[in-house]
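Engineer: If you want the building blocks of each chain, they are given just below.
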Amino acid sequence: MSVVGLADSRTILTPDASPGSPGLRPGSVTATPVIDVRTYSFWYGPTQALFDLTFTIPRRAVTALIGPSGCGKSTFLRSINRLNELIPRTRHTGDILLEGVSVFSRGTDPVALRREVGMVFQQPNPFPKTIFDNVAYGPRLNGLAAEREMPERVERALRRAALWDEVKDRLRAAGTSLSGGQQQRLCIARALANEPEVLLMDEPCSALDPAATQRIEELMVELKQNYSIVIVTHNMQQASRVSDFTGFFYLGRLIEFGDTKQIFTRPSDERTEAYITGRFG
Amino acid sequence: MNARRVRRRVVNGMMTGLVGVLSFLAVLALVLILGNLVVKGGSSLDWNFFVKNPVPAGESGGGVANAIVGTGIIVGLACLIGLPVGIGAGLYLAEFGSGRLGWIVRFVADVLNGTPSIVVGIFAWTWLVKPMGHFSALAGSVALAILMVPMLARTTEEMVRLVPHSLREAALALGYPRWRTSLRIVARTALAGIVTSSLVGVARIAGGLVLLLAVAARSAIRQGPPHGAAR
Ligand SMILES: Nc1ncnc2c1ncn2[C@@H]1O[C@H](COP(=O)(O)OP(=O)(O)O)[C@@H](O)[C@H]1O
Ligand SMILES: [Mg+2]
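Protein chains in written order, with the working numbering: chain W, 1 to 281; chain S, 1 to 231.
Among the hints, erroneous ones may be present.
Said to hold, decoys possible - Just the calculated beta-carbon pair ranges, DEER-fashion:
1) S:Leu25 to W:Leu86: 48 to 58 Å
2) S:Thr126 to W:Asp95: 54 to 64 Å
3) W:Val101 to S:His165: 27 to 37 Å
As the list claims (entries may be wrong) - Computed, partial: chain W to chain S, Cβ under 7 Å:
4) Ser105
5) Thr108
6) Val111
7) Gly143
Claimed, not checked - Some chain W residues near chain S, calculated using beta-carbon distances under 7 Å:
8) Arg114
9) Arg115
10) Gln123
11) Asn125
12) Gly138
13) Leu144
14) Leu219
What the hints contain is simulated information worked out from the structure, not anything from laboratory work. All C-beta atoms in this analysis are idealised placements derived from N, C-alpha and C, irrespective of residue type, glycine included.
Please construct the entire structure, taking both the sequences and the accompanying hints into account.
Structural biologist: Below, the structure written as structure tokens:
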């Protein structure tokens, strides 16, 4: 089970197939993948952006998506929480299952879906509100907590995002008054406050300095105890440092998916090797 | 070296003086007009002027209370009709207005924006005053609301478009439905701009009001005071 091609990539992701992988703790609920992508294709108007993606994303692990700019990584992420469908004249074929249920099925409420699937963007984007209100935003909408339980919930989310100690004395300050790295952790806290199962991160560190980047990386390793994380990154070191699984996208196709160690040491496709050794992209 | 510095300083002084004189001239006209008003009219301005109705020409005393109240009623009613419609249309244009309907709404708003207020006045007269049989504050308000809506829609649209896309996405990604995202994030972040454009809209129709009243006033001499506007 060392080198995996696209066709049989799903087999590697069952826990028995990769028992030693760092993200899969023995005995934990890893039997089923959290996300199951089935021949998923996506179009912006007449232009096809994603081609026949088929792979699964394991539960409670960090999965990195790498590939040159414009290869469809963001498009794929935004398909999972259906943000893409708000763009006019887009369409898709195939399916994406979250916890075994199609995110596109009639019964799936996009609002409920986005509560299960949190997202963090490239640029930190706190609302022009207080730190407290930023974190409470999701739970308030979703009626997840009564207002008197809100402080507790906000604190829990901020602690999980490793921001609590820095902001506990100024929860009423504007979210935008924080530094870039703190703002990004605030955005992570905001996503976590909904208590999602999956956290999508689209190049979350590319606007941050190295110290702030390191904080976020440490945070990701911690968060995977409780969340399934999918991160898009252009930073190869970052992918190899924090992720358990890596998928390489190229021109809208998933070229290779597998154990991060294997992808970075023995890639099976020469394009993957060319990309991670910096020969293109 | 030194001569150049002196020259630079002289030119700088001259230009500063010149723009100073020009701005003084610009303000002078306003000062003269207002001064004249205050000096000549100030004596007749007392409490009675605001709280009493006009008296027949030739008699002394009286005030413009009816005009003030009438303006308030008409503008207030116009805002009640115009603000929701205008702001709502602006939100629609900014959020969903990329299709054909958006194009049509935008085009109509632009045409209405360029329509002289007298045309709108005639429209209101034909469709409201004539069928109802008499002048009314309501007819006036509707006419003014029509003046107000297109500019409000367009400025609201501009303001909403200024809200960063990333904020919108953040709200959507948290599970906010699209309409709530519009209302809460977008409208609130754009609120200051929308308030400003509402004020400008009110100012514009208050200006239009003068014209409307002038038209109505003539008939009013024959027909009696506009219903509701005069008291
Ligand atoms: N809103 C859009 N409308 C049309 N084409 C788009 C849109 N967003 C992305 N694309 C196109 O889809 C392709 C994939 O983009 P994206 O998913 O953003 O790539 P990546 O995140 O890997 O850099 C690119 O060719 C891009 O030009
Ligand atoms: Mg991208």
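Engineer: Take the hints in turn and mark each one as holding or not.
Structural biologist: Status of each hint after checking the structure:
no. : hint                             : in the structure
1   : S:Leu25 to W:Leu86: 48 to 58 Å   : holds, 55 Å
2   : S:Thr126 to W:Asp95: 54 to 64 Å  : holds, 59 Å
3   : W:Val101 to S:His165: 27 to 37 Å : holds, 30 Å
4   : Ser105                           : violated, 17 Å
5   : Thr108                           : violated, 13 Å
6   : Val111                           : holds, 5 Å
7   : Gly143                           : violated, 11 Å
8   : Arg114                           : holds, 4 Å
9   : Arg115                           : holds, 5 Å
10  : Gln123                           : holds, 6 Å
11  : Asn125                           : holds, 4 Å
12  : Gly138                           : holds, 4 Å
13  : Leu144                           : violated, 10 Å
14  : Leu219                           : violated, 19 Å
In summary, the numbered hints that this structure violates are 4, 5, 7, 13 and 14.
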